[in-house]
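Protein chains: 2
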Amino acid sequence: MPTTLVPPPDLSHLTTLPPAELSRLAATTQTADLADAIARLRPAEAARVLTALPFDAMVRTFDEPELWPARADVVTHIEPTLAATLITAMSGDEGADLFRELPARERDRYLAALPEQKRATLRLLLQYPEDSAGGIMTPAFVSVPSNWSPEQVLAYIRQVGHEKETIYDVYVLDPEDHQLVAVLGLNRLLLADPHCSVLDIAGPRPPLTVSPHATRLDVARLVSKYNLLAAPVVDEGGHVLGIVTVDDVIDALVSEQTRQVQRLGGSEAFDEPYMQITFWEMIRKRAGWLSALFIGEMLTATAMGHFEAEIAKAVVLSLFIPLVISSGGNSGSQATSLIIRALALRQVRLIDWWRIVMRELPTGIALGTILGILGVARILIWQHLGWYNYGPHATLVAFAVGAALIGVVTFGSLAGSMLPFVIKRLGFDPASASAPFVATLVDVTGLVIYFTVALVILRGTLL
Amino acid sequence: MPTTLVPPPDLSHLTTLPPAELSRLAATTQTADLADAIARLRPAEAARVLTALPFDAMVRTFDEPELWPARADVVTHIEPTLAATLITAMSGDEGADLFRELPARERDRYLAALPEQKRATLRLLLQYPEDSAGGIMTPAFVSVPSNWSPEQVLAYIRQVGHEKETIYDVYVLDPEDHQLVAVLGLNRLLLADPHCSVLDIAGPRPPLTVSPHATRLDVARLVSKYNLLAAPVVDEGGHVLGIVTVDDVIDALVSEQTRQVQRLGGSEAFDEPYMQITFWEMIRKRAGWLSALFIGEMLTATAMGHFEAEIAKAVVLSLFIPLVISSGGNSGSQATSLIIRALALRQVRLIDWWRIVMRELPTGIALGTILGILGVARILIWQHLGWYNYGPHATLVAFAVGAALIGVVTFGSLAGSMLPFVIKRLGFDPASASAPFVATLVDVTGLVIYFTVALVILRGTLL
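Chains as they are written, first to last, in my numbering: chain S, 1 to 463; chain P, 464 to 926.
What the hints contain is simulated information worked out from the structure, not anything from laboratory work.
Don't take each hint at face value.
[Unchecked claim] Keeping only pairs whose Cα atoms sit at most 30 Å apart, straight-line, the calculated DSBU-like set for lysine-lysine is:
hint, chain 1, residue 1, chain 2, residue 2
1, P, Lys-776, S, Lys-424
2, S, Lys-118, S, Lys-164
3, P, Lys-887, S, Lys-285
4, S, Lys-118, S, Lys-285
5, P, Lys-748, P, Lys-627
6, S, Lys-313, P, Lys-776
7, P, Lys-581, S, Lys-164
8, P, Lys-748, P, Lys-776
One chain only, chain S, in its complex shape (with noise of 0.2 Å):
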């Protein structure tokens, strides 16, 4: 009976079993499991795993994303020669990325030790950044000229589809100057005359390339809007230097949102899962932006010592100090959200920032007077209950409070949405913005608004 979603296999019991048992596991079991069991041993026994297991099963284990944090501990305590014949079967964006993670000594030793064909794969995919195209891609894919037939070039892919990444994707190019003219899906192929031309089927639309140089999340936004199985990477002069497949799209924005997340909550982003974080890694990242923004709200301390006296005068004022300037930063945090994901989608761009503030201006106005009247309203109701005693003037210090709302919510909105539109302006990730920032910007303008408000609602009375 089918569940929700498959229970992960208890493979708790790895390390007990012997060879022959490793095989028919690794027969029966997704590999993407096996992986998940095997980094969760001690590099050693992961190592002793792995070898254990045919040659085929290792290296598809070897591959999976499951495995990656723990792949450069594992292949230092494989035996020199397996590790190299490994590594040659490895996929080369897999490669790339174990090379990455390689002290920069044992990656000439394993270097050194490769056929010279994949290490010139490596290499051309080690001079891209590792969340670049080009640091993703794979060169195995499938390439015909387009003066065959989609007879002739099914019976390529039977010859040597299997040791590409996908054969559901061909790529068409020019019988002389190799340049891409067209990708064809496998299943056009299949379906079409046998005896026509690719190019016959190919139709008008140029192919959808990226450059080398596009980032992840460009691959990705590709790929999510015109539904590809993989984008191919072009060079300037025309010529695919490899493809990104749909999979390594989808780690992409898995690890983008875990990203993104943690930066909006106010830390910097962890690679590793939250329980493999060690104490240290967890403080370092952090206490970086704690401290920052610590400081930073330090300026709270400095406006609030401005408005001393006045505190000492009308004590009262200082009750609805954290209300006021929360309810800034909640409406900036909100506005901030709202325009990283719509920056992030291309819904609205740098230009645009006008647009925005045409519409957050009223937003905010809005959302300060609701907030204000509720505001207004606690105050008078617990005054007129004989809750609390908010002194002679507490009628007064209502509307001080309610018209400080609307004016610390406004420039919330409007600091909020402008944020990511400044961060961008100067060059970094929109979505480094984050809620605690936005907070902290707005805490101390919403002080100084709430006790000018204060100042002239309340002078020649409380002040």
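Please build the complex by placing chain P on the supplied structure of chain S, with the hints as guidance.
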């Protein structure tokens, strides 16, 4: 020369083109770009342009996610018989989506105009929620009996392939009871001995399936972990109801990321692109959470009320209120975002809550100590350099602030990390926890911690 990303073509002149030009455009433009341009038109104009396209292009364009927000409005402007033909030609999952958006009265009218088989398909999909596997699956998959040979399967695919959503996964059924026994990639079919049995190449691994009630995120998790191109949706009897293809999974991941970021920022999730959200929708979805947070934050006024006498005696304490309580909110927001993702990625489970406490407790103490040292230094330096006079007991005030910071940040880390667990335990999505929510929760407690610590340290001097 390839650019990093294809610039979207300028299609603003769409409404002025004669039908022949539109046909040419449909053949040479990416369907997603065409859909994008049409979605920006007024519904009546969009309907006119759509129906002027060749029928195939019309169906493809109407199926594109880019057109979704406008689709229900556009279809009501299409002549009813043509609309019924269009809906019949749409893929099953897209059709179901469209019907979900139509007003109930319209829905029945269109449903009545459809051929019986299409109606049955739509009824099947519509009985599942729109974000479940059953709600986004398509019944257009290739299934074959397990006693066929690869050659027979390929011949069958050539015959029916053009009606199917994908032919890259073939579902192998038991010839007797039609239960799913294996899933075969087209690549393996193509590369196998054409005369063996498909069961021989399927291998012993049981097929990966989802129940129709699985969420689309569960499907995304399955597809992403096992690198699938489609996930079969299987009923309790083991029969395939439909498949969810990888492009739907990517759409689900992208829209889930948007919802996640918006909710973490403290508003309800929006379905429309930012610029298309109406003013009232914007107010409604933001005011709800903002008011709820405001009402929660009112407790800070109550808490502060209890300490009004202390503030009157030692106004200097009020200067550090925003600094101290915001630090708790910030550390809480970090912890919440980390745990939300760890739960979403199944890196931690509900039963792990105690292990999280044992990690966040020392982390919080360490982070609080770092901020405490910064806070003490800030006050003492300002005091000694004469930049501000915190009174005769400045050193004690500094240590009260420092000690409070340790307590507040530790509490923030604990509360922030436990909040997603509490929400999940109550049966809600842990991703509903937002940074402003955590900050609000921590603000009240932060005030109590701050003043309690101050009372202990300053009693007999300032208080």
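Compare the structure with the hints numbered earlier in the document and write down the numbers of the violated ones, lowest to highest. 1, 4, 5, 7, 8
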